[in-house]
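> Given two chains presented individually in distinct reference frames, assemble the corresponding complex, making use of the accompanying hints.
Okay, here's what each chain looks like letter by letter:
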Amino acid sequence: MNFEFVYDGETKTVDLKENRFATFGDDKAPVEIESTPDGRIFLRNGGIIKEIHAVSNGDKTFVDIDGTLFEFTIPSDDVGAGGGAGGLETDPSKVFAPMPGKVVKVMVAEGDPVEPKKHLVIVEAMKMEHIVVSKGTGKVKAVNFAVGDQVDTDTPIVELELDE
Amino acid sequence: MPELFNKILIANRGEIAVRVIRACRALNIKTVTVYSTADKYAVHTLMGDESYEIGPPPPLESYLNIDKIIDAAKKSGAQAIHPAYGFLAENPLFAQACIDNDFVFIGSTPESIRLMGNKVESRIKMADAGVPLIPGMKSSGTDIAEFKKAADDAGYPVLIKAAAGGGGKGMRVVHKPEDIEVAVEGAQREAKSAFGDDTIYLEKYIINPRHIEFQVLADAHGSTVHVFERECSIQRRHQKIVEETPSIAVSPELREKMGAVAVAVTKAADYVNAGTVEFLLDPDGKFYFLEMNTRIQVEHPITEEVAGVDLVVEQIRIASGFPMSDHFKNLTQRGHAIECRIYAEDAGNNFMPSIGKILMYKEPTGPGIRVDSGVIQDSEVGIDYDPILAKLIVWGEDRDSARARMIRALNEYKILGIRHSIKYLADIVAHPKFGSGETYTNFIETNFSDWEYDTDANLETALAAAAVVNGRQKPTVGSGQAAQQNYNPWLTLGAWRIGE
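Chains A and B, in that order, are what the protein sequence lines are.
Going by this note's numbering, the first sequence opens with residue 1, and the numbers climb by one from there.
Going by this note's numbering, the second sequence opens with residue 1, and the numbers climb by one from there.
Incorrect hints may have been included.
List of simulated lysine-lysine pairs, DSSO-like, C-alpha gap at most 30 Å [as the list claims (entries may be wrong)]:
{"hint": "1", "chain 1": "B", "residue 1": "Lys74", "chain 2": "A", "residue 2": "Lys50"}
{"hint": "2", "chain 1": "B", "residue 1": "Lys362", "chain 2": "A", "residue 2": "Lys12"}
{"hint": "3", "chain 1": "A", "residue 1": "Lys50", "chain 2": "B", "residue 2": "Lys357"}
{"hint": "4", "chain 1": "A", "residue 1": "Lys105", "chain 2": "B", "residue 2": "Lys357"}
{"hint": "5", "chain 1": "A", "residue 1": "Lys117", "chain 2": "B", "residue 2": "Lys169"}
{"hint": "6", "chain 1": "A", "residue 1": "Lys102", "chain 2": "B", "residue 2": "Lys68"}
{"hint": "7", "chain 1": "B", "residue 1": "Lys169", "chain 2": "A", "residue 2": "Lys135"}
{"hint": "8", "chain 1": "A", "residue 1": "Lys102", "chain 2": "B", "residue 2": "Lys148"}
{"hint": "9", "chain 1": "B", "residue 1": "Lys192", "chain 2": "A", "residue 2": "Lys105"}
{"hint": "10", "chain 1": "B", "residue 1": "Lys119", "chain 2": "B", "residue 2": "Lys7"}
{"hint": "11", "chain 1": "B", "residue 1": "Lys414", "chain 2": "A", "residue 2": "Lys12"}
{"hint": "12", "chain 1": "B", "residue 1": "Lys125", "chain 2": "B", "residue 2": "Lys138"}
{"hint": "13", "chain 1": "A", "residue 1": "Lys117", "chain 2": "A", "residue 2": "Lys105"}
{"hint": "14", "chain 1": "B", "residue 1": "Lys7", "chain 2": "A", "residue 2": "Lys50"}
{"hint": "15", "chain 1": "B", "residue 1": "Lys357", "chain 2": "A", "residue 2": "Lys94"}
{"hint": "16", "chain 1": "A", "residue 1": "Lys17", "chain 2": "B", "residue 2": "Lys414"}
{"hint": "17", "chain 1": "A", "residue 1": "Lys139", "chain 2": "A", "residue 2": "Lys118"}
{"hint": "18", "chain 1": "B", "residue 1": "Lys169", "chain 2": "B", "residue 2": "Lys433"}
{"hint": "19", "chain 1": "B", "residue 1": "Lys176", "chain 2": "B", "residue 2": "Lys148"}
{"hint": "20", "chain 1": "B", "residue 1": "Lys169", "chain 2": "A", "residue 2": "Lys118"}
{"hint": "21", "chain 1": "A", "residue 1": "Lys102", "chain 2": "B", "residue 2": "Lys240"}
{"hint": "22", "chain 1": "B", "residue 1": "Lys148", "chain 2": "B", "residue 2": "Lys125"}
{"hint": "23", "chain 1": "B", "residue 1": "Lys192", "chain 2": "A", "residue 2": "Lys117"}
{"hint": "24", "chain 1": "A", "residue 1": "Lys118", "chain 2": "B", "residue 2": "Lys192"}
{"hint": "25", "chain 1": "B", "residue 1": "Lys414", "chain 2": "B", "residue 2": "Lys240"}
{"hint": "26", "chain 1": "B", "residue 1": "Lys40", "chain 2": "A", "residue 2": "Lys102"}
{"hint": "27", "chain 1": "B", "residue 1": "Lys414", "chain 2": "B", "residue 2": "Lys433"}
{"hint": "28", "chain 1": "B", "residue 1": "Lys240", "chain 2": "A", "residue 2": "Lys105"}
{"hint": "29", "chain 1": "B", "residue 1": "Lys357", "chain 2": "A", "residue 2": "Lys102"}
These are calculated hints, taken from the structure and not from any lab test.
This is chain B alone, in the form it adopts within the complex (with noise of 0.2 Å):
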């Protein structure tokens, strides 16, 4: 009979840092953190019952570097080791180093790691598998005849991408045949302008495609679920920001086909732990596999609010050894869930990271609301890791209700001293597009690209304010600057309050 672990720790920091001691408590199972140099007193850090120091704050000296985590490990005792998600998470050098100084990974195998990472390599494995893959080239090709004939195959319209890729540069959407000869060579010159390198290749455009993904889970004893979908369109360069289940693009018969494709890609990955099967879903219910995440997603907690499981607790018992708990053989999902990704990036002046003190740090609260937070009040964000500060996650009977108390905790949810997304944020989910569901990925592109505050309206009423919390400082505090020779109010204020 496997039994628990009694230690673990946790590769990580932030908001996942906190989520993964969270589910240990639960299990009571002793933390190990770890910490950089600029994460000393860190949210993640004081909340182990152990904490190491693994170096200065580049990552690559820290949080990357497998040899001082294994060290932290092996000095504290630790049984297993959970990466949570970025980091060494899809790292197979990690996991292999973890199982070689034996070392749980709480994760899926080295071997099935390697695999998915390698997109070229998964993705005939998993065309093997009679998994659908967006139809397109197997590889490059140079020959115009090449390209039609792929076209024809693939049918149009068709997409033409260069293989050194990024930024929309050397592609091309072709809806013809007499268009592709000029948008070969077209695309050909861009790549070797932007990238140096003149290979391209051509798959088929899905117009208005829906990101569909998979929460997948499987044990070391047989057992393979899915644990639904969800649905992750509202993305911002390539990075999700609002996420929600269920998708509503997928009906319950579409749901059952999807979710057996998910679970057919892990079983052929040969995978264990809990993982992630992405899709790319079109409006005609055609469905095509893009990747497998070999770890615990960010977005996680929507489903454990619909299916009503913990994951991380999940994750943890299959790593002990223990078959999968019964009650995910026969899940159903219970109303609706979004998260939204709350950055320190400035949504008023191009996303720009915002780093500072936070000095005031007010989280909603009450019905259908959870916060996965790594930050508090006075908390100091660096230059040095992810922006993400918290992720907001809310509950509701149904698509609408969710939607409501969503726009509602955003509203509530304050931090000042940094700037941030939250604004942003309740107008995406306000806006009656995403209210109607038509959530494609170039939603934000569609319907937000010339996002801005509205200041106008309110400037007269935030000067009054700033005037009124400085006109409540004492004198000295607020300028920590060298005496000013010239007349300067700040220096005259008396202690005071409104109202007496």
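Bound-form chain A, shown alone (with noise of 0.2 Å):
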């Protein structure tokens, strides 16, 4: 049965057969992975066996190998949900908040010539400052937050006009 992840931008396919083995499309050997009755995973290679942590919720799974994190997002139709905060690169011409919090700062207005790492947006979260930087030259075609208002990461907080 094939399954499919975002990883770090990339879309990842892994066909797990007879249940017990993992294969990713290419010569690697195959993973053996269990899972317990009451949900603990782990990797059997003959008599030596590894526990691994991994739960999933909504769209995203997570993952502990050796104290190693990986996030994992199933693909969505829906392009836009969760586009700022999840492993998913998604359109650079819509700028997400890294995470939910209050805009401190606009350094943009609409027209404004971009490049990449150019500072737009400041977001304060968690008593922490977060800049919001443009990945592409172009210029700005909206802004949509104000200076105290509470982002999400599912609205894009500055929108761009990219060049090609």
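Structure, rendered in structure tokens:
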């Protein structure tokens, strides 16, 4: 059975064979993976076993292997949803807040030129400020929030018109 | 004969509120918790015997709102208020408001809190008391000759700093007298453009300093003691993240010397209850007073583990009017303790705060392990408060065994659903330079500035696990989105299990 996940902007396909072996569409050796009736997950290679931790919620799946964290997103047709926060690489002309928070500074206005790393907006969350930057060259099409507004990660905070 | 309080209000949230509640429970004292609407179901809220809402999530409207907290205390009939750390803990107005409303403030006096909160005033007072300060200019200067003289007096290298300060802007290290003129002018220009204020001053530059602090305790009957040191040199952006005691750099002789100064500072400030005196220690064993924290510290548990005491219980006893317990006058250090702070920050992505629901939460247990946590599985981590989730504290017979236990415990600590710093902390404690005790305040900058998760090795395995965990779900679980027209394997999965 095939599963698709988005990780770090790329779609990855996993084939779970015989409900036990996972392969990845190339020559790599399959991973033998099992789950217990109560939902714990472990790898097995002969007598050698290793427990790993994974849990899913909505379109997100979180995995911990030896302390290294992975976050996968189930691809969805609804491109806009959750675009900012997840590993999903979205259209660079739509700029999202990295996390929900409050807009404390807006550094651009409609029509302003932008280049990569140009500071657009500062969002404050958890007592820290985060600078939202442009990822391309072009100009500002719309600024959708003002200072003091609460932003989420689903609505673009700034929209850009980027040079092709 | 004094009596213990029978009810205490805890004016805080998260792990430290839980910590104070536990001390109250150990003393058979009833507890009152307060909460913002964001914390209605938080761990600390529900642990109280009584609980009162004090306003909306922004701290200014709830946990920093003195009137609302005093109102809640009146409603509950509590006799005393424990501020813990952060929020109102070092606000002399709050301490005064408690007193004015006939509540005992579990901490020092408003006067001593005010004094130590004023960094300029407290340094002058401490200098008068003979406490060593970092040599340098008493106030800002403009004339080059002034800077030259101050540098000669302090001894090179010296540090030129912007008074408006921050982020290294307007900061210059000067190693020889012939460079000072250029450095002063450069620092003034940089300070002017960064802060709109070219006021600068000069002090001795301490090479490879360590942050060493002493826990102190004073009662209202004239007894003042120190409870040894903590080394907190491992800091990221001036935020402590790993602390340990004893410090590898503090010999018994130095401990006695620094401890005596810490006690002198405490007495000079007319301080009562638990506090912390912070020093910078240079590699030659010279130490300089930085400031005094007039509260229980985040990192107090390592002191408790090594000294075998309960500092929060003692705070409450002292505030009740008891002389400090006899065992504080005869303390010894046993073994070694380390604390790691677990923050909801993405160590793999520039320490971006991470919010959301904790979907899996497994604390380490076993020999030598203590977890002071403010969250459980299903806790919501929001944007309104400090991102500390929990503190992991370990004890071992010596530094090496404590280190090994810490690494073991961090490896067992599983938090999924939000991003955090557990793996980063494990790599810090496992680092050979940490092992050899080369823990200077620039440790993170020097050794961990470009840390990231090593995801390459295990990406396929992680994908396989993700497939298994999703395959196990019923098809209705998971998307919560509108039905999709396209073929989607997530909608066709039956309930099935691997291995069947």
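> The structure should be examined with respect to each hint, and the outcome stated for every one.
Here is how each hint holds up against the structure:
With a C-alpha separation of about 55 Å, the suggested pairing of lysine 74 of chain B with lysine 50 of chain A is violated against the 30 Å cut-off. Of the supplied pair hints, the one linking lysine 362 of chain B and lysine 12 of chain A holds, its CA atoms being roughly 29 Å apart against a limit of 30 Å. Of the pairs offered as hints, the one joining lysine 50 of chain A and lysine 357 of chain B holds, with about 26 Å between alpha carbons and a cut-off of 30 Å not exceeded. This hinted pair checks out: lysine 105 of chain A and lysine 357 of chain B have alpha carbons roughly 28 Å apart, not beyond 30 Å.
For the hint pairing lysine 117 of chain A with lysine 169 of chain B, the CA-to-CA distance comes to about 21 Å; that is within 30 Å, so the pair holds. A threshold of 30 Å between alpha carbons decides the hint, and for lysine 102 of chain A with lysine 68 of chain B the separation of about 24 Å falls inside it, so the pair holds. Between lysine 169 of chain B and lysine 135 of chain A the CA atoms are separated by roughly 27 Å; this keeps the pair inside 30 Å, and the hint holds. Simply put, lysine 102 of chain A and lysine 148 of chain B have alpha-carbon atoms about 46 Å apart, too far for the 30 Å limit, and the pair is violated.
For the hint pairing lysine 192 of chain B with lysine 105 of chain A, the CA-to-CA distance comes to about 22 Å; that is within 30 Å, so the pair holds. Restraint check: the Cα-Cα separation between lysine 119 of chain B and lysine 7 of chain B comes to about 35 Å, which exceeds 30 Å; the hinted pair is violated. Under the criterion of a C-alpha separation no larger than 30 Å, the hint pairing lysine 414 of chain B with lysine 12 of chain A is consistent with the structure, at around 25 Å. Note on lysine 125 of chain B and lysine 138 of chain B: the hinted pairing holds, with a Cα-Cα distance of about 13 Å set against a maximum of 30 Å.
At most 30 Å may separate the alpha-carbon atoms for a hinted pair to count; lysine 117 of chain A and lysine 105 of chain A meet this at roughly 16 Å. At roughly 49 Å between alpha-carbon atoms, lysine 7 of chain B and lysine 50 of chain A are farther apart than 30 Å, so this suggested pair is violated. The hinted pair formed by lysine 357 of chain B and lysine 94 of chain A meets the criterion: a straight-line CA distance of about 26 Å does not exceed 30 Å. With a CA separation close to 28 Å, the supplied pair lysine 17 of chain A and lysine 414 of chain B stays within the 30 Å bound.
Simply put, lysine 139 of chain A and lysine 118 of chain A have alpha-carbon atoms about 11 Å apart, close enough for the 30 Å limit, and the pair holds. Between the alpha carbons of lysine 169 of chain B and lysine 433 of chain B the distance comes to roughly 29 Å, so the proposed pair stays at or under 30 Å and holds. Taking the CA atoms of lysine 176 of chain B and lysine 148 of chain B, the gap is near 10 Å; set against the 30 Å cutoff, the hint holds. Using a Cα cut-off of 30 Å, the hinted pair lysine 169 of chain B and lysine 118 of chain A holds, with the two alpha carbons roughly 21 Å apart.
The straight-line distance between the Cα atoms of lysine 102 of chain A and lysine 240 of chain B is roughly 26 Å, inside the 30 Å bound, and the hint therefore holds. For the hint linking lysine 148 of chain B to lysine 125 of chain B, the alpha-carbon distance of about 26 Å falls within 30 Å, and the restraint holds. A threshold of 30 Å between alpha carbons decides the hint, and for lysine 192 of chain B with lysine 117 of chain A the separation of about 25 Å falls inside it, so the pair holds. Taken as a hint, the lysine 118 of chain A and lysine 192 of chain B pair is honoured in the structure, with Cα atoms around 24 Å apart against an allowance of 30 Å.
Of the supplied pair hints, the one linking lysine 414 of chain B and lysine 240 of chain B holds, its CA atoms being roughly 22 Å apart against a limit of 30 Å. Between lysine 40 of chain B and lysine 102 of chain A the CA atoms are separated by roughly 22 Å; this keeps the pair inside 30 Å, and the hint holds. For the suggested pair lysine 414 of chain B and lysine 433 of chain B, the alpha carbons sit about 26 Å apart, so the restraint of at most 30 Å is met. Under the criterion of a C-alpha separation no larger than 30 Å, the hint pairing lysine 240 of chain B with lysine 105 of chain A is consistent with the structure, at around 28 Å.
Straight-line distance between C-alpha atoms of lysine 357 of chain B and lysine 102 of chain A comes to about 20 Å, which keeps the hinted pair within the 30 Å bound.
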